[in-house]
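Go by the hints and put chains E, G and Y onto chain L.
Protein chains in written order, with this note's numbering: chain L, 165 to 249; chain E, 165 to 249; chain G, 27 to 167; chain Y, 27 to 167.
FYI, nobody ran anything at the bench for these hints, they're computed from the structure. Hints should not be assumed to be uniformly reliable.
To be verified - Far from chain Y, some chain L residues (derived; all Cβ distances over 12 Å):
#1 I169
#2 E203
#3 Q208
#4 I242
Unchecked claim - Calculated cross-link-like contacts (lysine-lysine; reagent style BS3-like; alpha-carbon spacing at most 30 Å):
#5 Y:K141 / G:K93
#6 Y:K141 / Y:K87
#7 Y:K165 / Y:K93
#8 G:K87 / G:K149
#9 G:K141 / G:K87
#10 G:K141 / Y:K93
Glycine included, C-beta positions come from ideal geometry on N, C-alpha and C.
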Amino acid sequence: MAEAIAVRVRFFARLRELAGTDSGALHVPPSSNVEDVYEALRRQYAALPPVESVRAALNQEFVEWGAEVSAGDEVAFIPPVSGGR
Amino acid sequence: MAEAIAVRVRFFARLRELAGTDSGALHVPPSSNVEDVYEALRRQYAALPPVESVRAALNQEFVEWGAEVSAGDEVAFIPPVSGGR
Amino acid sequence: MRYDVTLDRIDARELEAVVLHPGAGAICTFSGIVRDNSRGLAVTHLDYEAYAEMAVPQMRKIGEEIKQRWPEARVAMAHRTGHLEIGEVSVVVSVSCPHRAEAFEACRWGIDRLKESVPIWKKEHAADGTYWIEGEEAKPV
Amino acid sequence: MRYDVTLDRIDARELEAVVLHPGAGAICTFSGIVRDNSRGLAVTHLDYEAYAEMAVPQMRKIGEEIKQRWPEARVAMAHRTGHLEIGEVSVVVSVSCPHRAEAFEACRWGIDRLKESVPIWKKEHAADGTYWIEGEEAKPV
Chain L
165 MAEAIAVRVR FFARLRELAG TDSGALHVPP SSNVEDVYEA LRRQYAALPP VESVRAALNQ
225 EFVEWGAEVS AGDEVAFIPP VSGGR
Chain E
165 MAEAIAVRVR FFARLRELAG TDSGALHVPP SSNVEDVYEA LRRQYAALPP VESVRAALNQ
225 EFVEWGAEVS AGDEVAFIPP VSGGR
Chain G
27 MRYDVTLDRI DARELEAVVL HPGAGAICTF SGIVRDNSRG LAVTHLDYEA YAEMAVPQMR
87 KIGEEIKQRW PEARVAMAHR TGHLEIGEVS VVVSVSCPHR AEAFEACRWG IDRLKESVPI
147 WKKEHAADGT YWIEGEEAKP V
Chain Y
27 MRYDVTLDRI DARELEAVVL HPGAGAICTF SGIVRDNSRG LAVTHLDYEA YAEMAVPQMR
87 KIGEEIKQRW PEARVAMAHR TGHLEIGEVS VVVSVSCPHR AEAFEACRWG IDRLKESVPI
147 WKKEHAADGT YWIEGEEAKP V
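The shape of chain L in the complex, shown without the other chains:
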């Protein structure tokens, strides 16, 4: 099996408070996607909500959950933005 790759993860707003941290490093298997990263984080930070109420950004761009990560990527987990009228 190929070596694990390291990504940087970031949490914002309510997710930051639920995780208890604003960032971290994580090692995941090659060809992992953003959802794999999030599910690994949920095992580490049990208070994180299910994927349905979260959006993901990869290197500062919104992505679908299937987007594959590479070594050195920044993966951010983002609650719905405030919107408002």
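Below, chains E, G and Y alone, put in the same frame as chain L:
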């Protein structure tokens, strides 16, 4: 015949330049309307354009040409306002 | 509420301060600016002339119409007169509302009404002469 | 063009100066203000948090989308973060265009897009507690 009534007239913008003055006093027969006032002024200031391209205001309110004037009224003759996009 | 016809430079922030209040979540401010071209011609400057005794009450009437349509709106309007250079502000309409949709709609409605019903005229000094602008028409002086 | 996420007070006139140019006849400026109430409850103050490294590029992307739809538009946007009191300006979008219809439309489009796609979050300190506002939902802290 009843006595003539005095009204104050005012011209603005292009009408002011065509009349060569910004205001004046005019005596008109009782029960005259705004159009009568304007037609009397056109005899005095020949360069004034026909009534079709002018709006009238009586005491600072837009009025129809049939509006009757009273002594002491201010009657203003107004080109289309600048509008613009 | 504030309605001004003035020879002085208009400060949009002053109008915004008039409409600001603790229930306002949105302010939409429109500024009309002297452009360097009109009808395909270069413009050098403008002169605005107002029937001020009527223009201010007409603005107030527009403000009241806005309050009828958008009861939570607060409104301020100012129009400058006299000589204006390219880039100078000729007119400002500022509207506050609790939410942004109404702030945009009420402000847009206010400037549209102002342009059609407030007795203020524009004399355009263009490359090929001087014109009074009357609605869609430009009439040479 | 200018896109800021800042802890400092936003000066809408500075953004307007950025979009002003000799071909601009109309500037529409939207300001979002901290209101004293939300969801029927009194609000005492707000905190805004941004993913700044992403928020600024997202704003720039919105500016580019505006330029595609309204090629003559010029755009500036700023969002404040940190602690905001009632009446303070949280966000400003300013757009200039030759004519007013496009200025209103482009500005409205800009703030709508900003509210849905720029990663900035609002924590509302209300009479009955503190909430993260997520879209239409308010989630207690």
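Verification of the hints:
The beta carbon of L:I169 is kept farther than 12 Å from every beta carbon of chain Y, the shortest such distance being approximately 21 Å. A cut-off of 12 Å between C-beta atoms confirms that L:E203 is not in contact with chain Y; the least separation is 21 Å. Every beta carbon of chain Y lies more than 12 Å from that of L:Q208, the smallest distance being close to 21 Å; the non-interface claim holds. The claim that L:I242 is not at the interface with chain Y is violated, since a C-beta of that chain comes within 12 Å of its own (minimum 5 Å).
Note on Y:K141 and G:K93: the hinted pairing holds, with a Cα-Cα distance of about 27 Å set against a maximum of 30 Å. A distance of roughly 13 Å separates the Cα atoms of Y:K141 and Y:K87; the hinted pair therefore holds under the 30 Å criterion. For the given pair, Y:K165 sits about 36 Å from Y:K93 by alpha-carbon distance, which is inconsistent with the 30 Å threshold. Taking the CA atoms of G:K87 and G:K149, the gap is near 25 Å; set against the 30 Å cutoff, the hint holds.
Under the criterion of a C-alpha separation no larger than 30 Å, the hint pairing G:K141 with G:K87 is consistent with the structure, at around 13 Å. For a cut-off of 30 Å, the pair hint linking G:K141 to Y:K93 stands: about 27 Å separates their Cα positions.
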